[in-house]
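Based on the hints, put chain B with the ligands in the right spot on chain A.
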Amino acid sequence: MSLATGAEVIVENVSKSFGRISALREVSLRAGPGEAVSIAGRSGSGKTTLLALIGGLEQPDAGQIMIDGRAIWKEPRPAQARREVVGFVFQRHLLLGALSARANVEVPLIGAGVHRSERRRRALSLLEEVGLAGRADHLPSELSGGESQRVAVARALANEPRLLLADEPTGALDSKTSERVLDLLFRLRDQLGMTLVVVSYDTAVSARADCTITLTDGTIDSANVMLSRQ
Amino acid sequence: MFAIITTNLLRRSARTVFTALGIAVGVAMIVALLSFTQGLKETAAGLVHLGGSDLGVFQANVSDPTASILPDSLVGRLAASPDVAQATPLLLIVEGLKQDQSAIVFGADRAGFFTRGLVLIAGRPPLRGAPEVLLGDRLARSLRLPSGGVLSIHGRYYRVAGIYHSGILFEDSGAVLSLAQAQALVGRPGEVTDVVVQLATGARASSAAQRIEHSFPGTQVITDPQQALRAGANGTLISKAVLVIVVIALIVGSISVANTMAMSIMERQGELGLLSTVGWSPLRVASLILGEGIAVSVLGAAGGLLLGVIGGGLLVGALGVSAYVAPSVTAWGLGRGLLVGVAIGVLGGIYPAWRVTRMRPLRALSAARG
Ligand SMILES: Nc1ncnc2c1ncn2[C@@H]1O[C@H](COP(=O)(O)OP(=O)(O)O)[C@@H](O)[C@H]1O
Ligand SMILES: [Mg+2]
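Chain order of the listed sequences is A and B.
For the first sequence, our numbering assigns the number 1 to the initial residue and increments by one for each residue that follows.
For the second sequence, our numbering assigns the number 1 to the initial residue and increments by one for each residue that follows.
One chain only, chain A, in its complex shape:
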């Protein structure tokens, strides 16, 4: 696998409302190339919304979001920009139930128009990377929760993203399995050098992250940022 350099993430004074609900207010955040940022905060505090904005899934109402100087949501083809830069891992693995683990990892590569044999080769090497080489032909229903989530991590890495966004990746797993998935994420970050933004309540995550921000009702307690940055 090629060594990707991490993307620089700049979020400046971003606000986002859904109807009358103000999900984010004037949020700013910076992550240098290869940095790991953890986002903590209560349920409903805006963590997922922030992640979606960074990944270009939603548009901010105000403010700027730049990934390596690109504003993904403003690009004419956001889907293409997304697959060139970001990988997503969600709380639920969201694997396609009818497809094998390998085929699930191939899905982003289909979107990128990668040739079949090349897809297969890359998917198998990614599954090996996450320790599931032997499970390539298994259906999601035949995998444990932790294994499914590792397949989802492999899928997120398929397009060799320079930014990996994970939304409560261990939220549905028991503590032992959680640890394994987190080990994987941080090991991959170390190996591949991509920037990592992880949403999690898990203190184990903030302990490993280079910096942690905490969202409270859609705003960041800036003192908290200073404290956690060493």
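FYI, nobody ran anything at the bench for these hints, they're computed from the structure.
Beta carbons: idealized from backbone N, C-alpha and C, even for Gly.
A portion of the hints provided could be inaccurate.
With a Cα cut of at most 25 Å, we get these calculated SDA-like pairs of lysine to any residue [claimed, not checked]:
1. 74/A <-> 287/B
2. 74/A <-> 61/A
3. 74/A <-> 117/B
4. 74/A <-> 134/A
5. 74/A <-> 270/B
6. 74/A <-> 66/B
7. 74/A <-> 366/B
8. 74/A <-> 363/B
9. 74/A <-> 98/B
10. 41/B <-> 130/B
11. 98/B <-> 141/B
12. 74/A <-> 282/B
13. 74/A <-> 141/B
14. 41/B <-> 117/B
15. 74/A <-> 97/A
16. 74/A <-> 138/A
17. 41/B <-> 95/B
18. 74/A <-> 354/B
19. 74/A <-> 73/B
20. 176/A <-> 113/A
21. 74/A <-> 357/B
22. 41/B <-> 3/B
23. 41/B <-> 169/B
24. 176/A <-> 138/A
25. 74/A <-> 169/B
26. 74/A <-> 362/B
27. 74/A <-> 95/B
28. 74/A <-> 359/B
29. 74/A <-> 8/A
Which stretches of chain A does chain B cover? Using the computed rule of at least three CB atoms under 8 Å from a CB of chain B, they are [unchecked claim]:
30. 54-65
31. 77-91
32. 116-124
Sample of chain B residues with no beta-carbon within 12 Å of chain A, all distances over it, derived [said to hold, decoys possible]:
33. 6
34. 10
35. 52
36. 98
37. 101
38. 152
39. 273
40. 274
Structure of chain B with the ligands alone, referenced to chain A:
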């Protein structure tokens, strides 16, 4: 992508099958009716030019030309008409042969141009008054019956006096009796099916037809196969029915596909949202949905083609015309069925596909999260 479409359809196989089945029924009806009209057309073409005639005089307003009944006294009066060079009556016996239900037995006047146009290739002409029959060469071949053999028509036995070839499919696949014997056999003395006419030199078929219909009320003159088809109530009814069914199949089929797909995208918001987050363009996600719709329809259409070919035969049986109308399945008939099937898929898939491009991935992912 193709693999994803098939696995998606397989995953909800019951729903796929029911949707496809609905489409199959529509397509089957179209194919069956088309093969039936095609069969009628071919029959009509053969019937119009029997004996090398220019036109045929039939009873007006019959369900199809073979159901026509005319008095044989008409022949002499027709022959006297200035447009007509020769006229000879025919009595058509359908389903007379057990071994070959589609063979027609022609009761024909010995002296008429119909019988005189049959070229004997074996045997001899029948003896006057003897229970003897002439056999078309195609029928003789398919029944493996040589001249001198015995043929049963409606349970009565006839000696095969000779074998003829006329070059007209219906005649060569049938048999010829004397008119009197045919009338006696079916218990219709004095009645014929139609009178075939060769026109006087210089007479135009269309104007002659008008004059004949005018002079002989209750008759209709058929000069070309298309007209024969229209003349038969079945033909007209069916070509209208095909149009109506195509329209209904398109509407009902595409609504059913749209409904199935709409249900399926609601259930799969998470999955579809995910495709978007991993960088599938809206166009690609939309074509996945459209592809699923088309795949279901093509599946249904394929089943429909098969059902339609079988159904064509059943339809012919149900309408009681199996003796002289063989449903004729043409490539174009099947092609139209398939075309309707694909059109159903495209029409039904467009709206859900468009809906998918409007879905916001985050919304979709949250919906999946519950
Ligand atoms: N698509 C949406 N439509 C309407 N409201 C939303 C939507 N997404 C999030 N919200 C609201 O925005 C707020 C922040 O949500 P979210 O970012 O999911 O929080 P968290 O991930 O921290 O639990 C919540 O009040 C939530 O109900
Ligand atoms: Mg959340």
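Output the indices of the hints that this structure fails to meet, ascending.
Per hint list: 3, 4, 6, 9, 10, 13, 15, 16, 19, 20, 22, 25, 27, 32, 33, 34, 39, 40 violated.
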